[in-house]
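Input sequences plus hints: build the corresponding full structure.
Listed here are the chains, written in short residue letters.
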Amino acid sequence: MKFAVTVTLKKDVLDPQGKVVSQTLKNMGMNNLSQVRQGKFFEIDLKEKDSSKAHNQVKEMCEKLLVNQIIEDFKISKTE
Amino acid sequence: MKSSVIVFPGSNCDRDVAVALEKLQFKNSMIWHKENVLPKSDLIVVPGGFSYGDYLRSGAIAAKSNILNEVIKAGERGSLILGICNGFQILIECGLLKGALLRNSGLKFISKNIFIKIQSNKNKFFNKYKKNEILELNIAHNEGNFFTDKKHLNELEDNDLIPIKYCDKEGNINQKTNPNGSINNIAGIFNKNKNILGMMPHPERMADKTCSNEDGLPLFLSLMN
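Quick note, the sequences are listed as chains A and B, same order. Everything in the first sequence is counted per my numbering, starting at 1 for the first residue and increasing by one. Everything in the second sequence is counted per my numbering, starting at 81 for the first residue and increasing by one.
Since the hints were made in silico from the structure, they are not lab data. Among the hints, a few may not be true.
Claimed, not checked - Calculated cross-link-like contacts (lysine-lysine; reagent style DSBU-like; alpha-carbon spacing at most 30 Å):
| no. | chain 1 | residue 1 | chain 2 | residue 2 |
| --- | --- | --- | --- | --- |
| 1 | B | 153 | B | 120 |
| 2 | A | 11 | B | 107 |
| 3 | A | 59 | B | 107 |
| 4 | B | 107 | B | 274 |
| 5 | B | 178 | A | 11 |
| 6 | A | 59 | B | 153 |
Here it is in structure tokens:
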């Protein structure tokens with residue numbers, strides 16, 4: 001069972017990399033751009049058939065290692 | 081005084097700390113991260129470097145190593161723990177200290193001498209310095225931009241838990257004298273009981289006249305007091 005995890009900085013946390021990317025895109029002429037936030041993406045493949053069990057396990061992975069919840073939010077979605 | 085310096089793959093300031101400690105007659109042991117037993121120590125140092133290549137987030141992987149379980153237990157029992165640079169990042173990732181160290185606001189790795197001002201000397205780490213004393217220390221980091229929520233920030237400010245702040249040579253603390261964007265110019269913080277200190281500047285690099293000033297030496301002397 002495969003899951004996709006997206007980790008992004010919380011709304012109030014300054015994202016200097018996102019800012020630079022956003023500024024560069026604007027310089028390239030994309031004037032209607034309002035904001036870019038940069039994040040991380042994990043593809044997690046689990047040997048588990050029970051989808052709710054698997055989902056909980058991925059959530060535990062996020063909370064214990066993949067995400068620093070003081071500064072980051074995460075979203076989990078099942079891909080396969 | 082007995083000390084232990086924890087060593088991870090990618091640590092690179094471990095020997096510098098050991099030299100500073102041994103100069104002051106600490107009986108020091110180097111402890112590999114895979115160990116499950118920590119020798120009885122008055123001081124545990126989590127040194128600077130790039131543990132596990134800074135993968136995932138600086139300090140995140142090291143925070144899950146075997147020996148860190150023992151360091152956490154020792155910290156909760158009241159042992160003195162000093163985390164420098166990557167060590168500070170590791171102490172935050174393992175939960176001994178609160179907050180986060182973000183990428184420097186200027187997006188550049190900064191390696192230079194900076195100035196810090198002693199905000200508080202009523203603790204085990206800075207008692208050999210005077211209050212408001214200005215030190216010149218070295219910083220070398222990419223993620224030193226301390227951030228925390230408002231509640232924790234107030235807790236730090238109100239309880240004397242910010243012993244050092246970035247400043248200039250004259251001691252001015254403001255945005256211009258903030259090298260990495262740290263909230264309130266914070267260069268280091270304590271836990272509630274002040275037995276655990278995390279700091280971005282490197283006192284061990286300023287502990288011998290042959291290669292630097294000696295502004296970092298009183299920190300190690302303080303610990304013996």
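Status of the hints after comparison with the structure:
1. Pair hint residue 153 of chain B plus residue 120 of chain B holds up; C-alpha atoms about 12 Å apart against a cutoff of 30 Å.
2. Our distance criterion of 30 Å between C-alpha atoms is broken by residue 11 of chain A and residue 107 of chain B, whose separation comes to about 47 Å.
3. Between residue 59 of chain A and residue 107 of chain B, the direct Cα distance comes to roughly 44 Å. Violation of the 30 Å bound is thereby established for this hinted pair.
4. For the suggested pair residue 107 of chain B and residue 274 of chain B, the alpha carbons sit about 23 Å apart, so the restraint of at most 30 Å is met.
5. The straight-line distance between the Cα atoms of residue 178 of chain B and residue 11 of chain A is roughly 19 Å, inside the 30 Å bound, and the hint therefore holds.
6. Of the supplied pair hints, the one linking residue 59 of chain A and residue 153 of chain B holds, its CA atoms being roughly 26 Å apart against a limit of 30 Å.
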